[in-house]
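Peer 1: Sequence:
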Amino acid sequence: MAVRLSRGQWRRYKHLSLLSEKITESASRPLRLLVSVPPRHGKSELVSHWTPVWFLSNWPGKRIILVSYEADFAASWGRKARDTMIANAKELGVGMREDAASTSAWETAEGGGMITAGIGGPITGRGGDCIIVDDPIKNWEEAQSITFRTGLQDWWASTLRTRLEPGGSIIVVMARWQREDLIGWLLAEAKEKWEYIALPAIGDGEVPLWPERYSLGALKDMKQA
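Here the working numbering is used: the first residue of the sequence shown is 77, the next is one more, and so on.
Simulated from the structure, these hints should not be mistaken for lab results.
Keep in mind the model is a prediction, meaning the values are calculated, not measured.
It is possible that part of the hints are untrue.
[What the hints assert, rightly or not] Here are the simulated lysine-lysine pairs, BS3-like style, with alpha carbons at most 30 Å apart:
{"id": "1", "residue 1": "K296", "residue 2": "K98"}
{"id": "2", "residue 1": "K299", "residue 2": "K90"}
{"id": "3", "residue 1": "K166", "residue 2": "K138"}
{"id": "4", "residue 1": "K214", "residue 2": "K299"}
{"id": "5", "residue 1": "K156", "residue 2": "K138"}
{"id": "6", "residue 1": "K269", "residue 2": "K98"}
{"id": "7", "residue 1": "K267", "residue 2": "K98"}
{"id": "8", "residue 1": "K156", "residue 2": "K98"}
{"id": "9", "residue 1": "K214", "residue 2": "K296"}
{"id": "10", "residue 1": "K138", "residue 2": "K214"}
{"id": "11", "residue 1": "K138", "residue 2": "K267"}
{"id": "12", "residue 1": "K98", "residue 2": "K299"}
{"id": "13", "residue 1": "K90", "residue 2": "K296"}
{"id": "14", "residue 1": "K214", "residue 2": "K267"}
{"id": "15", "residue 1": "K269", "residue 2": "K214"}
{"id": "16", "residue 1": "K98", "residue 2": "K138"}
{"id": "17", "residue 1": "K98", "residue 2": "K214"}
{"id": "18", "residue 1": "K269", "residue 2": "K138"}
{"id": "19", "residue 1": "K269", "residue 2": "K90"}
{"id": "20", "residue 1": "K156", "residue 2": "K90"}
{"id": "21", "residue 1": "K156", "residue 2": "K214"}
{"id": "22", "residue 1": "K214", "residue 2": "K90"}
[As the list claims (entries may be wrong)] Pairwise CB distance ranges (calculated):
{"id": "23", "residue 1": "R83", "residue 2": "Q300", "range": "36 to 44 Å"}
{"id": "24", "residue 1": "S93", "residue 2": "Y272", "range": "12 to 20 Å"}
{"id": "25", "residue 1": "K90", "residue 2": "M298", "range": "15 to 23 Å"}
{"id": "26", "residue 1": "P276", "residue 2": "E101", "range": "19 to 27 Å"}
{"id": "27", "residue 1": "R237", "residue 2": "G281", "range": "36 to 44 Å"}
{"id": "28", "residue 1": "W216", "residue 2": "P276", "range": "16 to 24 Å"}
{"id": "29", "residue 1": "R105", "residue 2": "A301", "range": "39 to 47 Å"}
{"id": "30", "residue 1": "E271", "residue 2": "R87", "range": "23 to 31 Å"}
{"id": "31", "residue 1": "R237", "residue 2": "D148", "range": "20 to 28 Å"}
{"id": "32", "residue 1": "R255", "residue 2": "N134", "range": "35 to 43 Å"}
Just so it is clear, CB atoms sit at the ideal spot from N, CA and C, and this is done for glycine as well.
Hey, can you work out the whole structure from these sequences and the hints?
Peer 2: Encoded structure:
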């Protein structure tokens, strides 16, 4: 769908195809999916832009909650998904409410839609059939802060996790900053059965994850820097 609607600008590279196929399993079962992907490897374009469009084109009466490290960053993906829905409304067969002007909260004509928020932001009173967490940590300073990590964990448990509708899916995609980040904490807690997919920039045998974009030499230079 992304290839078609983007007129070929979005391409099914190997690691993105793997992630795409895993996400579409949410059509048949609730997902608890954790994915680590290095920066600038196309994770947000797939997960925060095209996944909401795919999801709402199939279930226009359901809702997506997307959160990221900052409200404006999360809203930028809400804007992309909304604009794609509007531009392709006829092909997708999904109507949009005429007042769908907000980038952080908009609805389909069928009553579904998408809301976005920053970590710690207000989502009280909202429910989500699919919760997407995309890069919840802004930078190295936040990643190393015990206060920030504890606050993120508390907000997850007390606010975000309680917003999931019965039968809904949760997708967390982020670059790993340290072992005790959100993915590390969720795996350690093990109160839910999470599926974890790790996609390192340089894989076994020194194979680049996205060789069409980053050569092995370029990745090694980046790692050294």
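Peer 1: Does each hint hold? Answer for all of them.
Peer 2: Quick rundown of the hints versus the structure:
1. Our distance criterion of 30 Å between C-alpha atoms is met by K296 and K98, whose separation comes to about 29 Å.
2. For the suggested pair K299 and K90, the alpha carbons sit about 22 Å apart, so the restraint of at most 30 Å is met.
3. Restraint check for K166 and K138: satisfied, since their Cα atoms lie roughly 19 Å apart, inside the 30 Å limit.
4. Taken as a hint, the K214 and K299 pair is honoured in the structure, with Cα atoms around 19 Å apart against an allowance of 30 Å.
5. At most 30 Å may separate the alpha-carbon atoms for a hinted pair to count; K156 and K138 meet this at roughly 18 Å.
6. Proposed proximity of K269 and K98 is supported: the alpha carbons are some 16 Å apart, at most 30 Å.
7. About 21 Å separates the Cα atoms of K267 and K98, which keeps this hinted pair within 30 Å; it holds.
8. For the hint linking K156 to K98, the alpha-carbon distance of about 22 Å falls within 30 Å, and the restraint holds.
9. Between K214 and K296, the direct Cα distance comes to roughly 23 Å. Compliance with the 30 Å bound is thereby established for this hinted pair.
10. Distance check on the hinted pair: K138 and K214 sit about 29 Å apart at the alpha-carbon level, within 30 Å; holds.
11. The hinted pair formed by K138 and K267 meets the criterion: a straight-line CA distance of about 26 Å does not exceed 30 Å.
12. For the hint linking K98 to K299, the alpha-carbon distance of about 28 Å falls within 30 Å, and the restraint holds.
13. Taking the CA atoms of K90 and K296, the gap is near 21 Å; set against the 30 Å cutoff, the hint holds.
14. Our distance criterion of 30 Å between C-alpha atoms is met by K214 and K267, whose separation comes to about 26 Å.
15. Our distance criterion of 30 Å between C-alpha atoms is met by K269 and K214, whose separation comes to about 26 Å.
16. For the suggested pair K98 and K138, the alpha carbons sit about 20 Å apart, so the restraint of at most 30 Å is met.
17. The hinted pair formed by K98 and K214 meets the criterion: a straight-line CA distance of about 25 Å does not exceed 30 Å.
18. Between the alpha carbons of K269 and K138 the distance comes to roughly 24 Å, so the proposed pair stays at or under 30 Å and holds.
19. Distance hint between K269 and K90 is fulfilled; the C-alpha atoms sit about 26 Å from each other, no more than 30 Å.
20. In summary, the hint linking K156 to K90 is supported, as the alpha carbons are separated by about 23 Å, within the 30 Å threshold.
21. Under the criterion of a C-alpha separation no larger than 30 Å, the hint pairing K156 with K214 is consistent with the structure, at around 20 Å.
22. Pair hint K214 plus K90 holds up; C-alpha atoms about 27 Å apart against a cutoff of 30 Å.
23. Between R83 and Q300, the C-beta spacing of about 38 Å keeps the proposed range 36 to 44 Å intact.
24. Between S93 and Y272 the C-beta distance comes to about 19 Å, which sits within the given range of 12 to 20 Å.
25. Range check, K90 to M298: Cβ separation about 20 Å, and the 15 to 23 Å hint holds.
26. Checked against the hint of 19 to 27 Å, the C-beta distance between P276 and E101 comes to roughly 22 Å, which is consistent with it.
27. For the pair R237 and G281, the beta carbons lie near 38 Å from each other, so the given range of 36 to 44 Å is met.
28. In this structure, W216 and P276 meet the distance hint of 16 to 24 Å, their C-beta atoms being roughly 18 Å apart.
29. In this structure the hint that R105 and A301 lie 39 to 47 Å apart at CB holds, the actual value being about 41 Å.
30. Between E271 and R87 the Cβ separation comes to about 25 Å, which falls inside the hinted range of 23 to 31 Å.
31. Restraint check, R237 to D148: a C-beta distance of roughly 24 Å satisfies the suggested window 20 to 28 Å.
32. For R255 and N134, the Cβ-Cβ distance of about 36 Å falls inside the hinted range of 35 to 43 Å, so the restraint holds.
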